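Participant: These are the residues of each chain, in order.
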Amino acid sequence: MVVPVHYYLGLSLALFTLGAIGVLIRRNILIILMCIEMMLNAVNLAFIGFADAFKAIDGQIFVFFVMTVAAAEVAVGLALVIAIYRNRATVYVDDLNILKW
Amino acid sequence: MEYLFLILGAVALISGALVVFQTHPLRSALWLIVNFFTVAGLYLLAHAEFIAAIQIIVYAGAIMVLFLFVIMLLNLRQPEEELARPRLGLKIAGVTVALFSAVLIGLGFAKVKIRPVTEVPLGLGNTESVARLLFTDYLLPFEVTSVLLLVAIVGSVVLAKARLR
Chain A
1 MVVPVHYYLG
11 LSLALFTLGA
21 IGVLIRRNIL
31 IILMCIEMML
41 NAVNLAFIGF
51 ADAFKAIDGQ
61 IFVFFVMTVA
71 AAEVAVGLAL
81 VIAIYRNRAT
91 VYVDDLNILK
101 W
Chain B
1 MEYLFLILGA
11 VALISGALVV
21 FQTHPLRSAL
31 WLIVNFFTVA
41 GLYLLAHAEF
51 IAAIQIIVYA
61 GAIMVLFLFV
71 IMLLNLRQPE
81 EELARPRLGL
91 KIAGVTVALF
101 SAVLIGLGFA
111 KVKIRPVTEV
121 PLGLGNTESV
131 ARLLFTDYLL
141 PFEVTSVLLL
151 VAIVGSVVLA
161 KARLR
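Protein chains in written order, with the numbering used here: chain A, 1 to 101; chain B, 1 to 165.
Since the hints were made in silico from the structure, they are not lab data.
As the structure is a computational prediction, the values presented were derived from the model and not from experiment.
Don't be surprised by glycine CBs; every beta carbon is placed ideally from N, CA and C.
Treat the hints with caution; some may be incorrect.
[Said to hold, decoys possible] If you want a taste of the chain A side facing chain B, the calculated C-beta under 8 Å gives, among others:
(1) L13
(2) F16
(3) A20
(4) I32
(5) I36
(6) M39
(7) V43
(8) L45
(9) A51
(10) V66
(11) A75
(12) A83
(13) L96
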């Protein structure tokens, strides 16, 4: 009847790993931001799974806060992408090496 | 119930992999919308109806519209980006992250005793109980969140508007 919490944790781990690999191997800033969103979603999934397993509603409150922070992060991140594109005309992280020593 | 979970999880994993391995950011964004919808379905399976609705409204609605808007605003004329060359360091880093997460979760399995869930609790996940907790025990974080959103609005307007020379 009820899905065990291990399923939620396993899927959360897989999605998080997928997002982390995407952040590591992609060079487009937009896709990197999307992969970060996917990692945040994986963490939310673990929260929801535990909230269901422990019959506590606090996990859902934390998911609410994580979603708020994710929305703020995306807004600021996309504004940064636009600012970078205005100045450097690129969205590829390999071209943004001005801070590289 | 478990079959539904497995189907939704498989769709979530496939769409997530397509997000990572698509060449064009627009296609990645569209697959990410599919991923968000399947995750919302998983929230429904876990009796988190309010969070599922918020997931669809905020993630699949607002955030992805913002993403698509920026992708089309930039109007990338460069040739489509190919995947990064299969450098050894990146592969090692990816596998390390995967194994590290797996070990952490395994430690969690070893330490945490999961109580067996016997029945579906009444009221868990509906809007009323979430709101009751949000406006009593978590009132201060809730208000701090509004300040955070205000700061993000001001910051994004300043960043996207000002000509940084």
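Participant: Run every hint past the structure and note whether it holds.
Facilitator: Consistency of the hints with the structure:
no. : hint : verdict
1   : L13  : holds, 5 Å
2   : F16  : holds, 6 Å
3   : A20  : holds, 5 Å
4   : I32  : violated, 10 Å
5   : I36  : violated, 11 Å
6   : M39  : violated, 10 Å
7   : V43  : violated, 11 Å
8   : L45  : holds, 6 Å
9   : A51  : holds, 7 Å
10  : V66  : violated, 10 Å
11  : A75  : holds, 4 Å
12  : A83  : holds, 5 Å
13  : L96  : violated, 13 Å
Going through the hint list in order, the structure does not satisfy hints 4, 5, 6, 7, 10 and 13.
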